[in-house]
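**Q** Listed below, chain by chain, are the residues.
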Amino acid sequence: MLKELLNCYKVAFKTRFEDFLNLSPELVEERDSDEQIDFEGVVSLVGITGEKKGRVIFYLSEEFLKMLYRLIYGEEESLNEMELYAVAAEINNIISGNAITLFNNESSKRLFLSPPSIFSGKLSITTPRINSKDLIYKIGNLKIAVSIGLEGGI
Amino acid sequence: MYKSDMIISAVNESFFQFGFSNFVVEKIEERDITSSDFPVNVIIGCEGGWRGNIIIGMEKEFANFIVKTMTMGMIEDYRDKMGLSAISEMCNMFAGAFANKLSFNSKVTFISPPTVIMGDNIKVFLSKVNTTTVLYSSERGRMEISTGIWEIT
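So the sequence lines, in the order shown, correspond to chains A and B. Its first residue numbered 1, the first sequence is counted upward by one per residue in this note's numbering. Its first residue numbered 1, the second sequence is counted upward by one per residue in this note's numbering.
This is chain A alone, in the form it adopts within the complex (with noise of 0.2 Å):
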């Protein structure tokens, strides 16, 4: 089951960033998660739940949100930290949202998500007796990382 949302999640991914923000991005590594995530930045989380439980982790750099505020509205001068958590939390919603929808389009099975929370700083991050997968990408010279883990997964 976690092999096929991870396959919406790629589709998602590609297709909202093309169709949005005309963005590229590569998929350059796909592994496991560690048990334990220590990370420098701002983090969006959303949680699944419905028929599966788990939860989507978007790990962030604040330069890549930089970028993506400029692309959404073309300057930086009114830039805070709320709407750049602002943009972290509805990157997430939006590709989640929609690879929530093409997998129980999909399948018989119907998953929901919870609204995103954001967190900044220098984090710890673990989800107990959780089976998950990172997906990384790359965008120009930029990188973000992806967190999917369902309960009982694989």
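Derived from the structure by calculation, the hints contain no laboratory data. Since the structure is predicted, the reported quantities are computational estimates derived from the model, not experimental observations. It cannot be assumed that every hint is accurate.
[Said to hold, decoys possible] With a cut-off of at most 27 Å between alpha-carbon atoms, the simulated DSSO-like pairs for lysine-lysine come out as follows: (1) B/Lys128 <-> A/Lys66; (2) B/Lys107 <-> A/Lys52; (3) A/Lys3 <-> B/Lys81; (4) A/Lys14 <-> A/Lys52; (5) A/Lys52 <-> A/Lys66.
[Claimed, not checked] Facing chain B, a subset of chain A residues (Cβ under 7 Å, in silico): (6) Leu84; (7) Tyr85; (8) Phe112; (9) Ser120; (10) Lys122; (11) Leu123; (12) Ile125; (13) Thr127; (14) Pro128.
For glycine and all other residues, C-beta sits at the position ideal for the given N, C-alpha and C.
Starting from the known structure of chain A, arrange chain B on it as the hints suggest.
**A** Same frame as chain A, now just chain B:
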């Protein structure tokens, strides 16, 4: 039933089962944003009849206290793998009891698995929604439960 009453009742049903009876409600607050200033945070999403996020923030000392109590003294550090598992399970039990209370009147509410986020001076921003917050304090530190959830009509 007010949300704060539901939180307190859910804490009584979950935390107190393990003998965490020596902490008291210090403050009940309504905020317009869900956030946390604590170094150890557990996030649980809600979906269904009610939507939003629950965040349980705690001081390190309080996290250690939970772990030590739940493991009957075998583990004393919350950063231990089993310690993190114990904390998330405790919060999962609380969120389950809380979601059960929200689910009255056929507003069935589901919860996502808990994720533990730790760090000093981290910033937490969930949603700009009316948030009910209950702050607990004890000799072993403080814990704050924030429920930034809204009813789906």
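**Q** Please work out if A/Lys52 and A/Lys66 have their alpha carbons no farther apart than 27 Å.
**A** Outside the cut-off at roughly 34 Å; violated.
**Q** For the restraint on A/Ser120, tell me whether the closest CB of chain B is nearer than 7 Å.
**A** Given a least distance of 5 Å, the restraint on A/Ser120 holds.
**Q** Closer than 7 Å between Cβ atoms is the bar; does A/Pro128 clear it against chain B? Give me holds or violated.
**A** holds, 4 Å
**Q** If you draw a straight line from the CA of A/Lys3 to the CA of B/Lys81, is it 27 Å or shorter?
**A** holds, 26 Å
**Q** Does the nearest C-beta of chain B fall within a distance shorter than 7 Å of the C-beta of A/Leu123?
**A** Result: holds, 5 Å to nearest chain B Cβ.
**Q** A/Tyr85 was flagged as interface toward chain B. Is the shortest Cβ-Cβ separation under 7 Å?
**A** holds, 5 Å
**Q** B/Lys128 and A/Lys66: Cα distance at most 27 Å?
**A** holds, 22 Å
**Q** Do the alpha carbons of A/Lys14 and A/Lys52 lie within 27 Å of each other, as the hint requires?
**A** Holds, at about 24 Å.
**Q** Check whether the Cα positions of B/Lys107 and A/Lys52 lie no farther apart than 27 Å.
**A** holds, 19 Å
**Q** Was the hint right that A/Thr127 lines chain B, CB cutoff 7 Å?
**A** Since chain B brings a Cβ to about 4 Å from A/Thr127, closer than 7 Å, the hint holds.
**Q** Does A/Phe112 pass the interface hint, meaning its C-beta sits closer than 7 Å to a C-beta of chain B?
**A** holds, 4 Å
**Q** Given A/Ile125 was flagged as interface, is its beta-carbon under 7 Å from a beta-carbon of chain B?
**A** Holds. Min distance 5 Å.
Consistency note: the structure conflicts with the earlier hints numbered 5 and 6.
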